[in-house]
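J.: For reference, the chains in residue letters:
Protein chains: 2
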Amino acid sequence: MKLEDIGEFGLIELIRKEQSPQGGEVLVGIGDDTAVIKQGGDDYLLLTCDALVEGVHFHLDYTAYRELGWKAMAVNLSDIASMGGVPKYALVSLCLPPLTDPLKVKEFYWGLRELGERFGVGIVGGDTTSSPVLMVSIALIGRVRKEHLVTRSGARSGDSLLVTGTLGGAEGGLKLLKRGRPYPKGMEGIIRRHLTPMPRLKEAKLLVENLEPTAMIDISDGLALDLSHLIEESGVGAEIWREKIPLHPQAEEVAKILGGSPYDFALYGGEDYELLFTLPPDQVERARELLKETDLTSIGQILPSDEGLVISVGGQKSPLVVKGYDHFSK
Amino acid sequence: MKLEDIGEFGLIELIRKEQSPQGGEVLVGIGDDTAVIKQGGDDYLLLTCDALVEGVHFHLDYTAYRELGWKAMAVNLSDIASMGGVPKYALVSLCLPPLTDPLKVKEFYWGLRELGERFGVGIVGGDTTSSPVLMVSIALIGRVRKEHLVTRSGARSGDSLLVTGTLGGAEGGLKLLKRGRPYPKGMEGIIRRHLTPMPRLKEAKLLVENLEPTAMIDISDGLALDLSHLIEESGVGAEIWREKIPLHPQAEEVAKILGGSPYDFALYGGEDYELLFTLPPDQVERARELLKETDLTSIGQILPSDEGLVISVGGQKSPLVVKGYDHFSK
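As given, the protein sequences belong to chains V and Z, one line each in that order. So for the first sequence, this note's numbering puts the first residue at 1; every next one is plus one. So for the second sequence, this note's numbering puts the first residue at 331; every next one is plus one.
Some hints here could point you the wrong way.
[To be verified] Within a straight-line C-alpha distance of at most 30 Å, the following computed DSSO-like cross-link-like pairs (lysine-lysine) qualify:
{"id": "1", "chain 1": "Z", "residue 1": "K332", "chain 2": "V", "residue 2": "K178"}
{"id": "2", "chain 1": "Z", "residue 1": "K436", "chain 2": "V", "residue 2": "K17"}
{"id": "3", "chain 1": "Z", "residue 1": "K508", "chain 2": "Z", "residue 2": "K535"}
[To be verified] Label-pair ranges, simulated between beta-carbon atoms:
{"id": "4", "chain 1": "V", "residue 1": "L103", "chain 2": "Z", "residue 2": "G589", "range": "34 to 42 Å"}
{"id": "5", "chain 1": "Z", "residue 1": "D391", "chain 2": "V", "residue 2": "G55", "range": "50 to 58 Å"}
{"id": "6", "chain 1": "V", "residue 1": "K17", "chain 2": "Z", "residue 2": "G644", "range": "43 to 51 Å"}
{"id": "7", "chain 1": "V", "residue 1": "G24", "chain 2": "Z", "residue 2": "G644", "range": "54 to 62 Å"}
Hints are computed from structural coordinates only; laboratory data are not their basis. Because the structure is a prediction, the values reported are computed rather than measured. Don't be surprised by glycine CBs; every beta carbon is placed ideally from N, CA and C.
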């Protein structure tokens, strides 16, 4: 038996079973975007980490070190956003081939800081070591006011399902990057979506401070897989309306050039780092006003658990195929 | 210019310069065993991370996955110990080749938990991804009572310099492991010192709760290099007495078999994960009583900064050569 046989989610299931018994100060352990730790005062502590590996998550032939630093910070910030929290401190584990140019390491840190400082994150420590491939793992520590915490598990039947921004851009951009230069004209925006995503911390803050989102997750593995996590943790079903999925404005054009469906980019591509959340229907209008600078789209609704996860296309419902990128699959 | 030209410490210096401006809630940032964060209540938060990379820090032909889990936890626990703290929560970034046997991943977690639970650590989150080589990075979050915090920077001229346990064992054990089986008889102990070190959390707790250690560091890079960090951060000099260095009981025998000096194992080998600390001389006797179950040895004294860092051998003083293992050097 090998990891490629059980896949990434088989591995996560295995690791979940090997965890220490939780409880006590651990309010949320493995299975959400961050761990949540009880402590004195008005806040919970949020703890998360994410690793990016050369050749798996990025390729240096189309990723500048500054972009890599930005993205390594962004993917962690996005996890803090999806809990309704505020990021505070980062630890950076950086594994570098000995032939790396030190200037590139500086550029990596510039990217880390450029995004981190925008949201008040201090890089307080880390570890550097040599490695045959470039690998970075960031641990991010944040805080959330107790009354602002949103997990994956609070969605209720009847809630509206919303998403910030647009989807499918990161996958469309990646497809262009993988095909290589020259890129078709006017594609800078969609390529940026892959290389330097912007985590939705501001939007999450507005939501949790003013409304009562019942569940939230960031879209890192694709709309289908991340929605399946949300409904599984909440013990509900859901329906998404395919026509309502807000596609990145260039996703359709990329699909025309390179093949594929822009809806598949959104559903199965991942790395858009938008917020997917549920809200009592009477709060949707207020959410639109609050987030008027950001696209905010109702893409479906939460159903009782026995209705499962369905997608409706032109009024026709069918079970949503749930799959995502699996690092370990053959 | 390449990293192998500037070396690990050139790289650390470069990264230090690229840090965010610190201050505010960050009491100690990069440059100690952990970061120290001010917060409400009686405690500071301690944050640290350390990565282990296959082929650099360990080889799977002589390291079982369970031992790797233990060691990945141990090196981080040791950093918390050296600040006088209590470890609490771990995040585990695990990068694995797709051909890894899932059972080996379980064994890795058993090792992590076996040591972590001994000291009350909960594994609360992490990330798994595929990778061409096995890599683990652990971020550990701990706490320390404000009055118990010990950094690298408080040593004063006249203080005694002490070390727990014995030194040179990890390097001796590694030399045997690298040479390969069969190992000479009676060498299990020294091999264990390399594979499954025991962090000195209990000893650190006894020290900070009962005495006033002025500076403390764990010996991960060898006595010479770690002492040089301590005196640099404290702005002092130091003298060590070579004859007093407590050698691992099998270090001399390994040196006889494989060549080298057991004192060099202790000074330059690293990975012993003992505590090196400074204490007002009138507290040394009390320290010995408190740590009577652990070897505790006075190995030198702190001097004014202009006396530098010296080693005395048979009463003859000479400047201590400072070097350690450099992951990046050619």
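J.: Taking the hints in turn, state whether each one holds.
T.: Status of the hints after comparison with the structure:
{"no.": "1", "hint": "Z:K332 <-> V:K178", "result": "holds (27 Å)"}
{"no.": "2", "hint": "Z:K436 <-> V:K17", "result": "holds (9 Å)"}
{"no.": "3", "hint": "Z:K508 <-> Z:K535", "result": "violated (35 Å)"}
{"no.": "4", "hint": "V:L103 <-> Z:G589: 34 to 42 Å", "result": "holds (40 Å)"}
{"no.": "5", "hint": "Z:D391 <-> V:G55: 50 to 58 Å", "result": "violated (24 Å)"}
{"no.": "6", "hint": "V:K17 <-> Z:G644: 43 to 51 Å", "result": "violated (58 Å)"}
{"no.": "7", "hint": "V:G24 <-> Z:G644: 54 to 62 Å", "result": "holds (55 Å)"}
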